[in-house]
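Those sequence lines, one after another, are chains A and B. Counting in this note's numbering, the first sequence runs from 1 upward without gaps. Counting in this note's numbering, the second sequence runs from 1 upward without gaps.
If you are wondering where the hints come from, they were derived from the structure by calculation, not from laboratory data. From the three backbone atoms N, C-alpha and C, an ideal C-beta is built for every residue, glycine too. Any given hint could be a false lead.
For the chain A half of the interface with chain B, some residues (derived, Cβ under 10 Å), not all of them [said to hold, decoys possible]:
| # | residue |
| --- | --- |
| 1 | 120 |
| 2 | 123 |
| 3 | 167 |
| 4 | 280 |
Far from chain B, some chain A residues (derived; all Cβ distances over 10 Å) [claimed, not checked]:
| # | residue |
| --- | --- |
| 5 | 17 |
| 6 | 25 |
| 7 | 94 |
| 8 | 97 |
| 9 | 99 |
| 10 | 142 |
| 11 | 278 |
There are 2 protein chains.
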Amino acid sequence: MTTEIDTVFETALQMRAEQIESLLRRLLDERIRPGEIARPDHLLAAMRHGVLNGGKRLRPFLVLESAALFDADSDAAMRVAAALECLHCYSLIHDDLPAMDDDDLRRGQPTVHKAFDEATAILAGDGLLTYAFDIIADEATPLPGDRRATLVLALARAAGPGGMVGGQALDLDAEKNMPAEDGIIRLQAMKTGALIRFACEAGALVAGASVADRDRLTAFGEAIGLAFQLADDLLDVTADAGTMGKATGKDAAAGKATLVSLHGADWAKRQLGGLVAQAHELLEPFGERALLLKAAASFVASRSH
Amino acid sequence: MTTEIDTVFETALQMRAEQIESLLRRLLDERIRPGEIARPDHLLAAMRHGVLNGGKRLRPFLVLESAALFDADSDAAMRVAAALECLHCYSLIHDDLPAMDDDDLRRGQPTVHKAFDEATAILAGDGLLTYAFDIIADEATPLPGDRRATLVLALARAAGPGGMVGGQALDLDAEKNMPAEDGIIRLQAMKTGALIRFACEAGALVAGASVADRDRLTAFGEAIGLAFQLADDLLDVTADAGTMGKATGKDAAAGKATLVSLHGADWAKRQLGGLVAQAHELLEPFGERALLLKAAASFVASRSH
Chain A
1 MTTEIDTVFE TALQMRAEQI ESLLRRLLDE RIRPGEIARP DHLLAAMRHG VLNGGKRLRP
61 FLVLESAALF DADSDAAMRV AAALECLHCY SLIHDDLPAM DDDDLRRGQP TVHKAFDEAT
121 AILAGDGLLT YAFDIIADEA TPLPGDRRAT LVLALARAAG PGGMVGGQAL DLDAEKNMPA
181 EDGIIRLQAM KTGALIRFAC EAGALVAGAS VADRDRLTAF GEAIGLAFQL ADDLLDVTAD
241 AGTMGKATGK DAAAGKATLV SLHGADWAKR QLGGLVAQAH ELLEPFGERA LLLKAAASFV
301 ASRSH
Chain B
1 MTTEIDTVFE TALQMRAEQI ESLLRRLLDE RIRPGEIARP DHLLAAMRHG VLNGGKRLRP
61 FLVLESAALF DADSDAAMRV AAALECLHCY SLIHDDLPAM DDDDLRRGQP TVHKAFDEAT
121 AILAGDGLLT YAFDIIADEA TPLPGDRRAT LVLALARAAG PGGMVGGQAL DLDAEKNMPA
181 EDGIIRLQAM KTGALIRFAC EAGALVAGAS VADRDRLTAF GEAIGLAFQL ADDLLDVTAD
241 AGTMGKATGK DAAAGKATLV SLHGADWAKR QLGGLVAQAH ELLEPFGERA LLLKAAASFV
301 ASRSH
C-alpha cells in the first residue's frame, strides 16, 4: 500500500542521496589537506569506487532527518552523514574480500578487490575508516570541539570491536558454530544494528539535544535496526522463493540461522509490524517534524514485501 | 659509543614501555563499555596478540617525552600514546597479511593471520584502528573536548590516505614501478614518517602548547622520522652484510630502491649525523628537559651501527 507520505519519503530519500553523493564526491576528490602529503591517485580511485556506487544512502538519510528534528546545523549533519557513509562503505569493501565473504560483485559492479586488487582493497577500506573520523573531527564540521569528540566516540563505539567489527567476527564464527537465538540477536545488533542506531542518535548529538531526546532517538534506531535485519532475513527467504520456487534462500542454503529460520516468516512479519509501531510511537513527541523519519521506519520494514 | 645519557635513555625507554604495556593490557581486556555490546573474546584475543608482543614502544615514548616537555597531563599523554600504539600495531597486522607483505613471523611470534586466520586478522586490525580513535575521544582522556578532537584529527591525517595508508599504497606500487628519489622520499615520509611525526607533535597537542612549540616538535618529528627510515635502510644493508658476506640486503635483493641504494652507505651515515644534529638543535630551547628526547633522536639514528 503506497500512501502519499511514502511517495514524499521516496522523493526525499533520493534528494538526500544526491546531496550526500555530491559531498562524498568532493571529500573523495581532495588530494591533499593540512598535515598531509598528497594522497596517491590509485588509492583515491579505489576509495571512490567503493563509495560512489549508487547506494540508497539510508544511513545518511537517518542522520539528516534525525538532525532536522532538532534544527541542528545542517552542514554539520551533512558531514557526519558523509563520514558514516564512508565508514559503512569501508565495511562493505572489507566484507567482500576473499578472506571474508569473497564477493565479486556489489550493486552489479566489480567489488573493489576485483576492480583493483586485494591489497588495494584492504588499504582503501583502512583509508575510508580513518577518513571517517577525520571528517567528523575536522573544524570544517561546524560544531564545538567537545561535540565533535562525542560524535567520534559514539561512531567508534558503534563501529568497533563492541559494535560492527565485533558483529562481523561473530558472523564468521557463526558459519562454524550455529548460534542460538540470543547469539543471533547479539550478532545482528552488532553487525548491522549498531551503525543504524548511531545514524539516528547522531542527529541528537549534532544538535546537542537533551539526554532524554538522545535516548529516544537511540531507541528508535534500535527498533529500526532490528526491523532492517528482520526484513533482510525475510527478503532472503521470499526473494528466492520467487526464483527458486520454494521458501528457502541464500542464508538457509548456507545453513545460516536467522530469526526467520527459527520462527518462520509469519512470526517475522508480526514482529516487523510491532517494531514499526514502536518506532512510530517513539517519535510521537516530535509531531509532524518526524513524518519522514516515521516513513523511513516503514520503508525499512517493508523491504520484505 | 655509549654515554651516560644513553644508559639513562635505555632505562627510561624500558620503564615507559612497561607503563604503556600495562595500560594497553587494561584497554584490551575491556569487554564492554557504554554504547557497546560485549566484544567477542576471539576478536579481543587476536587484537591482544597483535599488540602485546614486546615491542620497544618507541612511538609511545616520543608522545610521553614530548608531553613532558610541556608538563602536559600525564594520564592524557599515556592514553594518546596507547592509542597511537594500537594504531601502529593495526598497521603491522594488515601489512603482514598474505595480500600485502605475506609475513609469517613478527618478533619471532606467528603473525595474527597465522595464529588466528586471515579474516580475523583483518578484523583485529580494523578493530584496533577504530579503538585508537575511541581511546583518544573518550572523556577518560582528561582533556577539553576540543583538544581531544584536535588529537583525533591529527592522528587521522597522519594515519590516513594522506599519511601512513597512502604510504603503504605507494609502497605496493613501488614493487612494480621503481620510484625516483623524490618518490622514495614521499613514500617514506608517508609510510613511516607520518606516525613518528605525530608522536612528537602529540605531546604539544596534549599540552595545548603554542603553535610555535607545536611546529618545533613537528620539525623534530620529521627529522627523526627521516633518520628512522635511513637507519632502517642502512641496517638492511649492513645487517645482511654480516650474515651474507656482502653488502646487499633484503631490499636490494627485492630490487627495492632506497636512499641508501641510491647514494651509498657513507652518504647515508653523513645524512644521519646531520639529521641528529638538526633534531638536537630544534630542542635547544627546552634545555635539560629535552635530554631524553635528544637521546631518542640519537638512538633512532644509531640503530644502523
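Evaluated hints:
Nearest Cβ of chain B to the Cβ of residue 120 of chain A: about 7 Å, under the 10 Å cut. The hint holds. Taking 10 Å as the C-beta contact cut-off toward chain B, the hint placing residue 123 of chain A at the interface holds, the least distance being around 5 Å. Checking residue 167 of chain A against chain B: minimum C-beta separation of about 8 Å stays under 10 Å; hint holds. At about 24 Å, the closest approach between the beta carbon of residue 280 of chain A and any beta carbon in chain B exceeds 10 Å, and the interface hint on this residue is violated.
Every C-beta of chain B lies more than 10 Å from that of residue 17 of chain A, the closest at about 24 Å, which supports listing it as non-interface. At roughly 15 Å from the closest C-beta of chain B, the C-beta of residue 25 of chain A stays outside 10 Å, upholding its exclusion from the interface. For residue 94 of chain A, the requirement that its beta carbon stay farther than 10 Å from each beta carbon of chain B is not met, with the minimum near 6 Å. For residue 97 of chain A, the non-interface assignment is contradicted: its Cβ lies about 7 Å from the closest Cβ of chain B, within the 10 Å cut-off.
Some Cβ of chain B comes within 10 Å of the Cβ of residue 99 of chain A; the nearest lies about 4 Å off, and the non-interface call is violated. Non-interface status of residue 142 of chain A relative to chain B is upheld: no Cβ of that chain comes within 10 Å, the nearest being about 13 Å off. Listed as outside the interface, residue 278 of chain A is consistent with that label: its C-beta sits roughly 20 Å from the nearest C-beta of chain B, beyond the 10 Å cut-off.
The structure shown violates the earlier hints numbered 4, 7, 8 and 9.
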